[in-house]
Each structure stands twice: as C-alpha cells, then as structure tokens.
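Chains as they are written, first to last, in our numbering: chain P, 1 to 343; chain Y, 1001 to 1445.
Possibly wrong hints are sitting among the right ones.
Unchecked claim - List time: in silico SDA-like cross-link candidates among lysine to any residue, alpha-carbon distance up to 25 angstroms:
#1 Y/Lys1118 / P/Leu319
#2 P/Lys50 / Y/Ala1126
#3 Y/Lys1214 / Y/Glu1321
#4 P/Lys50 / Y/Ile1119
Hints were generated in silico from the structure; no laboratory data involved.
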Amino acid sequence: MLTTELALGAVMMGALCLYAVFGGADFGGGVWDLFASGPRKAEQRKLIEKAIGPIWEANHVWLILAVVALFAAFPTAWSAICIALHIPLTLFVVGVVFRGSAFTFRAYDDRNDKRQQRWGLLFSLASVASPILLGMLAGTVASGRITVVDDVVTSDYVTPWLQPFPIVVGLFALALFAYLAAVFLAAEASAAGAVELTEDFRKRALLAGVVVGAVAIVTFALSFRGAPRISAGLTERLWTWPLHLGTAAAATTAFVALWKRRYALARLGVVAQTIFILLGWAVSQYPYLLVPTHTLQSAAANPRTQVLLLVAIAAGSVLLFPSLYVLYRIFKGEKPFRVLDRE
Amino acid sequence: MDHLTYARAQMGFSLAFHMLFAAVGVALPLFMVIADLLYRRTGDRDWLEFSKRMAKGTAILFAVGAVSGTALSFELGLLWPRFMGTFGEIIGLPFAMEGFAFFTEAIFLGIYLYGRGKIPSGLHLAAGIGVALSGAISAFFVTLVNATMNLPRGFEMLDGHPINIDPLAAMFSVPWKHETLHALLACYQATAFALAGIHAAVLLRHPTSALFRKAFAVSLLVASVTALLQPISGDHSAHSIAESEPLKLAAIEAHFKTQTHAPLRIGGIPDLETGEVRYGLEIPSGLSLLATHDPAAEVKGLNDFPREDWPPVAKTHYAFEVMVGAGSAMAGLGVLAAFLAWRKKAVPTQRWFLWAVVASGPLGFIALEAGWLVTELGRQPWIMHGVMRTRDAVTPFPNLLPPFWTFTGLYLFLGVSVVYLLFRQLRTAPMEAAPPSVGGPDAHH
Chain P
1 MLTTELALGA VMMGALCLYA VFGGADFGGG VWDLFASGPR KAEQRKLIEK AIGPIWEANH
61 VWLILAVVAL FAAFPTAWSA ICIALHIPLT LFVVGVVFRG SAFTFRAYDD RNDKRQQRWG
121 LLFSLASVAS PILLGMLAGT VASGRITVVD DVVTSDYVTP WLQPFPIVVG LFALALFAYL
181 AAVFLAAEAS AAGAVELTED FRKRALLAGV VVGAVAIVTF ALSFRGAPRI SAGLTERLWT
241 WPLHLGTAAA ATTAFVALWK RRYALARLGV VAQTIFILLG WAVSQYPYLL VPTHTLQSAA
301 ANPRTQVLLL VAIAAGSVLL FPSLYVLYRI FKGEKPFRVL DRE
Chain Y
1001 MDHLTYARAQ MGFSLAFHML FAAVGVALPL FMVIADLLYR RTGDRDWLEF SKRMAKGTAI
1061 LFAVGAVSGT ALSFELGLLW PRFMGTFGEI IGLPFAMEGF AFFTEAIFLG IYLYGRGKIP
1121 SGLHLAAGIG VALSGAISAF FVTLVNATMN LPRGFEMLDG HPINIDPLAA MFSVPWKHET
1181 LHALLACYQA TAFALAGIHA AVLLRHPTSA LFRKAFAVSL LVASVTALLQ PISGDHSAHS
1241 IAESEPLKLA AIEAHFKTQT HAPLRIGGIP DLETGEVRYG LEIPSGLSLL ATHDPAAEVK
1301 GLNDFPREDW PPVAKTHYAF EVMVGAGSAM AGLGVLAAFL AWRKKAVPTQ RWFLWAVVAS
1361 GPLGFIALEA GWLVTELGRQ PWIMHGVMRT RDAVTPFPNL LPPFWTFTGL YLFLGVSVVY
1421 LLFRQLRTAP MEAAPPSVGG PDAHH
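Okay, chain P solo, but in the shape it has when bound:
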C-alpha cells in the first residue's frame, strides 16, 4: 500500500535521481574540463561551458528539493545525519559553492587566459571533490556505522565515513557522473555536427564506462563487510532482481550504443542505468533511511505535515515540469527528449 511516508520517500528519491542525472552530469562536465586534452582542448571546454551554462542552476535545485523533503518529512533522520556527518557535509557544501560560483565567475570574467584558467581550475577541482563527498555521504548512510541511542548520536565524527566502503562509493559516484557527462557531451557534439569533438567525448565515455563497471564490482564486493544491509538487500530480496536486470540491460545498451555511435540511445541508456543504480540502492536499503536506526516510518513527520507536503509538491510540480520542459526544449534541441532516433 502506498503510505504518505512511502510517497515522500519516493519523492525524495526521485529528486535525488534527477540530481544524479542532471546535476551529476554538470559535475562530470567539470571533470572533463579538468582533463581536457589533445588538439581540441579549447573546443572541449567550450562545449562543456555551452552545455552547462543555461541549465546548471536549475539542475542544482534538485539537491535542495531532496534536502527539504528530507528535513520536512523525516526530521529526526536529518538531524542525526547532520550531527554524525558534520565534516563531510560541510566539505560537500563548500564544493557545491565553489563549483557554482567559479563556473559563473568564469563566464563573466574577461577572456584573459590566466584568469579563465584559474576559475576553470577551481570549477573543475570542486567538480571532482563534490561527487566523491556526495558518494561518501550516501555510502555512510547505508553502511550502518552511524549509531543513535535515544536521539543522541553515539558514533564519532570521523570513523563512520572514513572507511573503504564509503570511499569506494564516492569514487563510484565520480566515475558515474563523468560517464554521464561524457555521453551527454558526445551526443551534443554529434547533434552539432562536430565529428572530431564527438569522437573525443566518445573515447572518454567508453573509458569512463569501463571504469564505472570496474568500480561497481569493487563496491559490490566491499558492501558485504562495509554495508551488510545493502549487500543483503541486493542479493537476498527477490524483488530487487528486476532492478539488477534493468541496470544490466541499461548499462549494456548504453555501452553498445556508444560503441556503435548511436548517441541518443546511449544517452537514454546511461540515464536509465543511473536511475536503476539509485533505485537499487534505495530498495535494498528499504525501509531504512539511516541504517540501522531510522526507518521511513519511524522518522516520519506527523501525518498532516506529510499530506500538506505532498499537496505542495504536487502543486509545485505542475508549475515546475512544464517550465523545465521549456528550458530543455530551448537549449537542448528541438525535441529534447527524443531518444530513439538514429543520428
């Protein structure tokens, strides 16, 4: 049965998925800005800037929505997370601030090379650090190492997140975001008819895809010790299996399509892959929001707040999604969500 707390949990997860896909791709863009190389170095950076420019602020708000849903609907869980993960959360926020501001400052500062490079370096370093920290936060929440007794956090402020599992999840997030971005950028370059630039990003995407696969295997292996709840969910729950199959199918589609230079399909595949991965995490962790103390049910706000939040979210979405569609339609081509047509 769909309870209000489950619906709110789903909304939060939905916002996180969209943040991973859109905000993640922006972070990934920063990664490729850092690793821009070869004869078309400048063109690569230009494409990244053009792709991110109009949409990064909107992409970035998914994070705010996820956080607001978390603290409004599950306040005690948020409180415990904020106490236990004070250090990595602070670092992540600093990364987010530098990423956004350095990107904008670069766009509006003069085209003097030195200055552009300095902003660019700050932008891309923050783009590398933030996904790692975001992944570490998720990994720690799943690991069960944060302990809370009678609303008091009893674990310390460092050991829970400075563990192999969260660190590998952080690297996984970085690789995934870089993969997303490379595929998106290849698709954009291809749509613009820039053949060589497309090949640059195709190669980067193929490389990132392989890294994603490798890190995924390491993450899964480490989860048995590092996050037993997750590994149990992933392996023992029958209803997570369709999600695994979905992930596998999407990942294969993305990679093969990329290989065959069918970029729109590759883009669809990599988006689906990302969403399946996040859903797989959520479902294997269910009903826990913060393992092992807070479940969706135990951390939920009072029923009236929950209902009103859902109403506000529904009303807000009616406004939000059409405007988002217009934004993407203007800047991401005539039919932004076309996916199956041949290039």
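Assemble chain Y onto chain P, guided by the hints.
Okay, now just chain Y, sitting in the frame of chain P:
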C-alpha cells in the same frame, strides 16, 4: 568565543551574506523587466542595454545567492540539528514551497539569460516576469519561516516534542503579514538605492550619457517610492509587534519599566543594571503613540519579563536605531527627489543631489541587515520563541572553530570576487551603443 557563539556567528555571517544576494536576486529582475517593457514600447536601444546590464548583474549575483542559499539549507541542520529535528516538520512546509519557487526562478532565469535573441521576444519577456515573480514568492515563503520562529503557533509541546501540529496555522503565524511586507519592500528598496547610487556615481563622471540618465531615473523612482512606503509598513510592524511580541518591542526600545505615556527613546546607552537609558533623546509618550496610536496607552517594560528571557537589549536597540535612522534618511531623500522632480519637471541631476544619492547608496542594505538583526536578536535567547532556547538547539559537534573559519573565508572570497566582477562589468562596457559583449552568455550567439 564559546561553542554557542561560534555557531551563532557562523549562522549570522552566512545569513548576512546570503541576504544581500537574495535581496538583489528578488529585486534586480524587476528592473530588467521594466527596461524590457520600456524597450518594447519605445524601441530605444538604451533600454535594451540597461536590461542587458541588469541581466548580467542578476546572473552573477543570483548564482552567488543560489549557492549560498544551498549552503544555508545545510547549515541549518549542521549547526542546529536539534531545532531541525524537532521542528523540521513544522517549518518544512514553507521551505518546500520556497524550494519550488526558487526552482522556477532558476529555470526562468536560464531561459531569460541565454534565450535573448534566440527565442520569441514575448516568451523572453514572460520568462523575465517569471523570474521577478518567483523571486518575490520565494522570499515570501522563506520569511514565513522567520514569522513562525518569532511566534510559534499551531502546535503544543509535550516532553520536548511538538504534538497536535497544524502546519498551516504554524506557517501563517501572526507576524506573517508585517514581516513579509516589510522584508519584500526592503529587497526592492535596498537594491534600488544601491542602483541609484551606482548610476549617480557614473553620471557624475559621464553627465551626458543618455543610457545612464535613464537607468538613474528608473532606479531613483523605485528607490523613492519604496522609501516612502517603507515607513508605513514599519508602523504596521510596530503595531503588530507591540501586540504579539511585547518583549521584543521592549528590547527594541530599551524600555524597562511598564508605564502609560511611555516615551520613545532615540539613541542612548541602555544600562541593564539600573534599567536606565543614558544620553538618549526622549520623546514623551512617543512609544505609546507608536505602538498603539494612543499616547496614554500602557506599554509593557522589560522588567515585567523574567531576566533569563531578555534579548540582548543594547544590541537589539542599536540595530533598530540604525535601521530607523537609515530608513528615515532614505525617506528624506525620497521626499527631496520628489520635490526636485516636481520643480524641474524632470529627473533631478544636480551635482549636489547626485552626490547625496551616491552617499545614500548603501543605506538600503544597511537598513536591511539591521532590520534582520532586530528580528533575530530580538528573539534571543530563543531559536523558537518560548519553546526552544538557542543554546539547546546547537550541534554537539565538538569543535566549531574550523567550520566557522571555513565559511567565513569562503564568503569573504565570494564577496571580493563578486565586487571585482561587477566593477569590471561596469567599467569595461562602452558608454554608448550596445557592445558586442565579451564573456557571458551573450557571447555565445
């Protein structure tokens, strides 16, 4: 500094910083849209150029507002986890709505900034209006949270947890009307004064520039109108506070003894031990008149409240004096501008007047920050008035010194960078005709 002071300093510094950019993000799009409308009506390219300049400013400042606002949504939890854990379900609703409004603003801003010349001009204008409206709406919702903290309503407390929660009653707690009105007006007023000041300064150097004369005229008009409306809104606030937050009013006025015909004190140094205010100017019955519109009315003094519930009286009082002082000066300038404009039947650009506008450029933001200090300091020592003390809300995280310096350094860096960039924008752009812009979104097409 002790643990609590570090937390309050970090929160205060972050909010004070964010507020500048948030206010500009609310108000600058209004100027952008006004300029667009005038361009459509007159076809005068100066308006187009003015709009483009406002848009560039909005882009830079909005980005900083967006990232510092994101940081704040985390800092609330990082610094005050017990407050968020206990009352998240009460203040979460307006925050969620603010989130959506902000989201819409970001989307429309993307369309507006990067769509100029690419999309039909009607859609472009609509996007600009969308930015201006959703900015105002998001400021409205976030101010509601402050109203709830100042006068918590819509729930009861049992063993430190809220019960019988009515989120809508909590969201629209008594101060909501005067706080949202006062805060929104302040955003437009502060931005308009800063713009008028900047353009007055440019006019002093380039007195013949048609573009800057127009920009100055619009800024001065909005500045004068808001400066004259704000005292009316302030009077409304004073009334409401006198009725629903008497302790805050007493602290604001450094009013110790409950009395009828209470005097209004201007300036002065409050002495908590003796309950006297030294060196202040007293207007007999002024406070009674201000608070209730009746010179004989009784106004409750600080002495009627337990000492441990008192806000920091001197600081609250000084902040209020600064706000009212700046507000009065701005209202005076508004009257002067109206008078000069009426006599000359034109926008006043006498050099002495331009200097006066330059000098009052920062007043709006000074008043905005001071007014925020009044409402925040006046609520202390509570984070949720009467329900949770600030010291009980603070994080148990043992060492708040590093995060304090991290955020302080971060915001100083952002502040310096932004000032530098805006200054450059103003300097490098040619004085005549629309420039083929270097950098920025317009450069791409």
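Quick rundown of the hints versus the structure:
no., hint, result
1, Y/Lys1118 / P/Leu319, "holds, 23 angstroms"
2, P/Lys50 / Y/Ala1126, "holds, 23 angstroms"
3, Y/Lys1214 / Y/Glu1321, "violated, 34 angstroms"
4, P/Lys50 / Y/Ile1119, "holds, 17 angstroms"
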